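Enquirer: Same order as they appear, the protein sequences are chains A, B and C. When you read off a place in the first sequence, starting at 1, and then add 125, the result is the number in our numbering. When you read off a place in the second sequence, starting at 1, and then add 1, the result is the number in our numbering. When you read off a place in the third sequence, starting at 1, and then add 13, the result is the number in our numbering.
It cannot be assumed that every hint is accurate.
Stated by the list, open to error - Label pairs and their computed distance ranges (CB to CB):
{"#": "1", "chain 1": "C", "residue 1": "Arg112", "chain 2": "B", "residue 2": "Gln192", "range": "55 to 61 Å"}
{"#": "2", "chain 1": "C", "residue 1": "Leu318", "chain 2": "B", "residue 2": "Leu205", "range": "20 to 26 Å"}
{"#": "3", "chain 1": "A", "residue 1": "Glu436", "chain 2": "B", "residue 2": "Glu279", "range": "29 to 35 Å"}
{"#": "4", "chain 1": "C", "residue 1": "Gly154", "chain 2": "B", "residue 2": "Ile84", "range": "44 to 50 Å"}
{"#": "5", "chain 1": "B", "residue 1": "Lys177", "chain 2": "C", "residue 2": "Val199", "range": "25 to 31 Å"}
{"#": "6", "chain 1": "B", "residue 1": "Glu279", "chain 2": "C", "residue 2": "Arg112", "range": "29 to 35 Å"}
{"#": "7", "chain 1": "B", "residue 1": "Leu294", "chain 2": "C", "residue 2": "Gly154", "range": "18 to 24 Å"}
{"#": "8", "chain 1": "A", "residue 1": "Asp499", "chain 2": "B", "residue 2": "Ile84", "range": "26 to 32 Å"}
{"#": "9", "chain 1": "A", "residue 1": "Lys250", "chain 2": "B", "residue 2": "Gly16", "range": "53 to 59 Å"}
{"#": "10", "chain 1": "B", "residue 1": "Arg548", "chain 2": "C", "residue 2": "Ile224", "range": "50 to 56 Å"}
{"#": "11", "chain 1": "C", "residue 1": "Leu318", "chain 2": "B", "residue 2": "Asp457", "range": "49 to 55 Å"}
{"#": "12", "chain 1": "A", "residue 1": "Gly266", "chain 2": "B", "residue 2": "Asn438", "range": "43 to 49 Å"}
{"#": "13", "chain 1": "B", "residue 1": "Leu294", "chain 2": "C", "residue 2": "Val199", "range": "34 to 40 Å"}
The hints are simulated quantities; they were obtained by calculation from the structure and are not laboratory data. Just so you know, these numbers come straight off a predicted model, no measurement behind them. Even for Gly, the Cβ is constructed at its ideal location relative to N, Cα and C.
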Amino acid sequence: MKISRRRAIAGLAASSVFVSGSSFGQEKEIKVALIAPLSGPWARTGQLMKIGADMAIEDINKQGGVNINGGMKMRLVSADAGDSVERAKNAAQRFISQETDVVAGTGAWLSSFTIAVTEVTERAKLPWLTLSYADGITNRGFKYITQTNAISSVQAAAAMPDIVKLAEKATGQKPKTVAIISDSTATPQAFIDPLRKGGFEQLGIKIVSDQIYTPPLADAASIVQNLRALRPRPDFLLFYSTNIPDATLVLQKLHEFGMPQTKLPMIAPGAVHMGGPEMLKNVTPQMLEGTILVLANWTSKKQVSILPELEKRSGEPWITSDIISTYGDMYLIKDAIERCQSLDREKIMDALRNTNLKNGAADYYLGGNLSFDDAGRRIGAPTVFVQWRDGKPQTVSPESDAFMAPLWPRD
Amino acid sequence: MKKNVVKSHLIILTGFISVFFVSMLFINNQYYQLMMTLVLIWSVMGISWNIICGYTGLASFGHAAFFGIGAYTVALGLLNWGITPWVGIILGSMIGSIMAFLIGWPTFRLKGQYFSLAMLAYPLAILHVFEWLRYQEVALPMIRDNPSAYMQFEDNRVYTAIGLVFFAIAMIVAIKIETSRFGLSLQAIKQNEIAARTAGVNVLYWKLKAISISGALAGMIGGFYATIILIVTPQSAFGMMTSAQALIVTLFGGIGAAWGPVIGSAILIPLSETLHAEFGEYLPGISGIVFGLAIIIIILVAPEGIYWKVYDYFHKKSKFDKPLRNGSEEFTPTYINQKIDEFGTSPIILNVKNLTKRFGGISAVQGLSFSIPKGTIVGVIGPNGAGKTTLFNLFNMIYKPDLGSIKFDGQELVGMPTHNITRLGIGRTFQVVRVFNRMTAVKNVVVGAFCVTDDDVQAEKMARDAIELVGLKHLSDEVVSTFSSLELRLLEIARAIASKPKLILLDETLAGLGLNETEQVLQVIAKLRDNGITIVIIEHTMKAMMRLVDRFIVLDHGVVLLEGRPDEVINDPRMIEAYLGQKWSMSRAQN
Amino acid sequence: MELSIEAQVLLETIVQALVNGISVGCLYGLMCLGLGLIFGIMRVINFAQGDFMMLGMYAAFYAFGGFSLSKILGQSIGPIVAALVAGPVIYTFGILMHRILISRVSGLSAATMENDGHNAQLILTLGIGLVLQNTGHIIFGSSPVSIRSPLSTTAWEIVIIRDQVSVIVNQARLISGLIAVAIAAVLSWFIFHSIIGKSARAAANNITASIYMGIDVDRCHRIFFGLGAGVTAIAGGLLALYYPFQPYVGMEFIIVMYTGVVLGGLGSIAGAFWGGLIIGIIQQMSTLILPNQLQNTATFFVFLLIIFFRPNGIFGKTTERA
């Protein structure tokens, strides 16, 4: 991004005023909101989102801030969505009422929290971003929401043909049977329902086992035993969990019952948690090796120049999708503001909806192109395959972002 | 007098609502408006809990069941059938009430802790069913055409105003219950359910009524909650924390008091939210710690809640505060007119035939047969474990006999519910006297009269008559916490005779009383008999009984050992053997 | 005996479900035993029991890792010892809790309180739970962790009918289950035969009579409370071998614990253990007939059945007197 000399001096002057601490004018900073679970059972993900947001804002400000009014800094205000929808709604309402100069925001990870929050932000006409992929978020006809990831049903339709191609290339045959294990919450079922209702059939695949459990799982033995009882063994396993303990229990049991990935390839959609470093605190890398996670976003080889530094600053062994997506959200907001050259919420929302980027903020969302439809849904959202290889989750698809080629686990 | 209490409650309520309403108008901050609405919502939830638990003494950890069903009714109603929440909330309230009734009916059979545990299980079971039905995230659709017809408003204050209406409804219900016989009956049940039954309280009826009202309020406010949060999840509707919240605000604010829940809610909801808001960003978790500490400290300092702590501070008098009363005078024993010789001449009022009750392998009473004539005093004596209290419990049908019959005034009692027996005319006192500590004597006694009259004015008159009869007239309107042990005994008798029974059962009324006090009670009992009441009394104090009773019935090991005139029975060797053992009776015989 | 494929599968599935149920159930049983001491016998409502277990899990975790038990005793014995170490640590914590807080709303103090102090106990322990969870969050962080040991991922295959039917038994679960049973047995013996145990049972049963017998009721209650906390903590430590946990994990098990204690019968120590065991079995075996999601509903259903038709539970005693 070229900065003209005049602008640079103006920016310097503005930031020196900022640095000197004297206050004149109210809009010296652009406030952006983050609502995420920072305490309670989902605190870990909220923490990661905050790390991403903090780092992005640091970087943005270091690079001169947002290019408006001579260069303005961004500031993050965050609120804890806690452990209930009531708490999340309160946080959203507080931002609307008290932080009146917030221009946009992102959050709240859990789809139920996000729905509660956006009911508030929509009525306040506050532009909102979310990385959630629940269908229910953008099918309410809301105007002030942008979903940066593909929704579950779309992900399913896009991902499965690629899985089939991958398997065919590796084994020489198309897979014919699949076993499904999923938890009963909304997002997994939104992914799997279209597959049940003909999606798999169209691909020539038969569902030989379809188990739904209510989280949290106390013990995965009965579920895996049902798989063990299947003869012949299915060609692959579709496993949709939403938390680490459930995923750990199933992984452990699969290994114990003699069905590691090499015998039963595991495809895990929506398994953001399965890509996190804390998985290694609970299972060995060998147990994860070869698992293919179907996600909506992850790190890309295009980001390879900034990744090591981000990893160091975040304090995490590698950057996960929560971090990179929220990082990208900050850049996307910055970009929208710069395009409409205004801090007015309506204009920013318009700019967000009209986003059509191939780089810049788009660098942080896989897929090459960042644009949204009328309902705020991502157009052409890619499905991302992240595979555990040698103890680390690596993007293996789409090819333009992949660090390495995908492998279909085999004996 | 009662009218004043209701009036003062209503005045305070009107005042509170007005202040709330006016301040709401001035508050432009939507966040504070939301807080105000949530305070009202949780107050109503707390009131709902208070009705069945605070007043009735049951511990229910499952009110989320009714709350949640109300929430889902509104949410699904709007989403699937376009039913406006204005109607949906009423539907939710009705469904909540019906559900509460259906749950209450079988569950009330369970005692104490089993009841609470069952109540705990219901909402959690329902939670899993709703998850299985795929109702994980039911969002209320945003209506852009004519939103107010669907309870969707831009100005949050309209929600607060609606909340105030629900709050007013709930408070009026609570106040009405608290100040009427409904409340007193519930309190009696809370004190001692069995004693309440014997005082004529139809326990099941009141409990079902209480839980149905409770369910209606919870369902109503749950439906309203759905219109506020705009998304209903099984966890937020039926989760443990929802039930816990109702409990916490009520216990904190004042359990069993109409104002308790709103006090607790007004303090705790903003406190918790402020902590979260201030610290959530920097030190997540600290708000939970502070909140946890807050409720720990309060529960240690004021275990019944803030309301009662403050109330007691202003009202409580200790036993030593009161002016000296006649209890200190020497009571000269006066002659008690016994009917020893005329015993058989009056018609039989109570006829016991072959009464047998077994517990497991042990016969508590076996083949008891005797009859009691009207207007006499019969003493039931015998060593410990002889079956005396069991006998009384059989009279009241607290236990059902395995064999035998009990005829009262010609009517068979076996199989009749306890409260109906009281209505027929049998009163009962208990050994351990439990009273409503913060209430007056009249309030304590009037419960006994409810079973024979629907008119509250008449009930109060009957209560006052009873109090006068036992000699406590001067203390009728005194708070019972100042009463001496003797006065409490007499109060217990007063409650038993408030319904003007034909027969009363006195269970160890003289236990632990000194000579003077015993004398006073004996006079009262004699007076009762003179008023035409038949008396059956269990007692150990022999000397007093000798002067009082017309006949003794001696029980030993569950059977009638002997029956007869006081002077005969006392010298009978079998009696001595029963009490003191063979050695004694033999040595006596030798002498 | 040659079985058809369907019969093999069916038999294997049933036996496997039973084995799974028993191994999970033994741990539940130990958890419930801890609560049984506190709630079943002392009738003290403790909603922080799950959080005591959480503390036990972290105690075991740090004993294994931080205190290098893993290095000293190896990957297989280390975790077991670590779990056992959690016991005395949380026992002491429980004693402290009782002395400072719980004793004020239970035992002697509770006789004059509303509803025998139960309401106060509920709120107090809810508050304690909140404090423990959030302090844990601040100190331990929010990432789920567990004790990693080869025990959790290896299993023995037990052959029932050669080449046709076999069951797989996870090592960690089997060993945990056996240890749980052992501890339950030792504890039961202790409570029934030692002087402290007998005094404590008397004190729990009838406070007034015990005082007249010269029993230090307060001390007995405290010891039982500490034991209850410690035992559940050991169960947690054993659970930590294969269950990833974070500071809010207690909430997931509190219902299981209460259900188990009631099922087994309030007032019976052995009953509490059996109650937990039965819940484990129901949970696993109900999946044979019901969809997995209704597993928990099945548990509640059985719970309600027991409460209604056999409120004393399976082993409880009738102690209610009019």
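Enquirer: Tell me if the beta carbons of Glu279 of chain B and Arg112 of chain C are separated by a distance inside 29 to 35 Å.
Expert: For Arg112 of chain C against Glu279 of chain B, whose Cβ atoms are near 33 Å apart, the range 29 to 35 Å holds.
Enquirer: Should the hint that Gly266 of chain A and Asn438 of chain B are 43 to 49 Å apart at their CB atoms be regarded as holding?
Expert: violated (59 Å)
Enquirer: Does 44 to 50 Å hold as the CB distance between Gly154 of chain C and Ile84 of chain B, or does it fail?
Expert: With a Cβ separation near 46 Å, Gly154 of chain C and Ile84 of chain B satisfy 44 to 50 Å, so the hint holds.
Enquirer: Using the beta carbons of Arg548 of chain B and Ile224 of chain C, state whether their distance is inside 50 to 56 Å or not.
Expert: violated (36 Å)
Enquirer: Given a hint of 29 to 35 Å, does the C-beta separation of Glu436 of chain A and Glu279 of chain B actually sit inside it?
Expert: Given about 32 Å between the Cβ atoms, the range holds.
Enquirer: Is 18 to 24 Å respected by the C-beta to C-beta distance linking Leu294 of chain B and Gly154 of chain C?
Expert: Cβ of Leu294 of chain B to Cβ of Gly154 of chain C: about 22 Å, so the range 18 to 24 Å holds.
Enquirer: Taking 26 to 32 Å as the stated bounds, is the beta-carbon spacing between Asp499 of chain A and Ile84 of chain B within them?
Expert: The hint (26 to 32 Å, Cβ to Cβ) holds, given that Asp499 of chain A and Ile84 of chain B are roughly 29 Å apart.
Enquirer: Looking only at beta-carbon atoms, does the pair Arg112 of chain C, Gln192 of chain B fall within the given range of 55 to 61 Å?
Expert: At roughly 32 Å between Cβ atoms, Gln192 of chain B and Arg112 of chain C fall outside 55 to 61 Å, so the hint is violated.
Enquirer: 49 to 55 Å was suggested as the range; check whether the CB atoms of Leu318 of chain C and Asp457 of chain B agree with it.
Expert: At 43 Å between Cβs, range violated.
Enquirer: Look at the Cβ atoms of Leu294 of chain B and Val199 of chain C and judge whether their distance stays inside 34 to 40 Å.
Expert: At 36 Å between Cβs, range holds.
Enquirer: Looking only at beta-carbon atoms, does the pair Lys250 of chain A, Gly16 of chain B fall within the given range of 53 to 59 Å?
Expert: Distance hint for Lys250 of chain A, Gly16 of chain B is violated at roughly 38 Å.
Enquirer: Using the beta carbons of Lys177 of chain B and Val199 of chain C, state whether their distance is inside 25 to 31 Å or not.
Expert: violated (57 Å)
Consistency with the previously given hints fails for numbers 1, 5, 9, 10, 11 and 12, ordered from lowest to highest.
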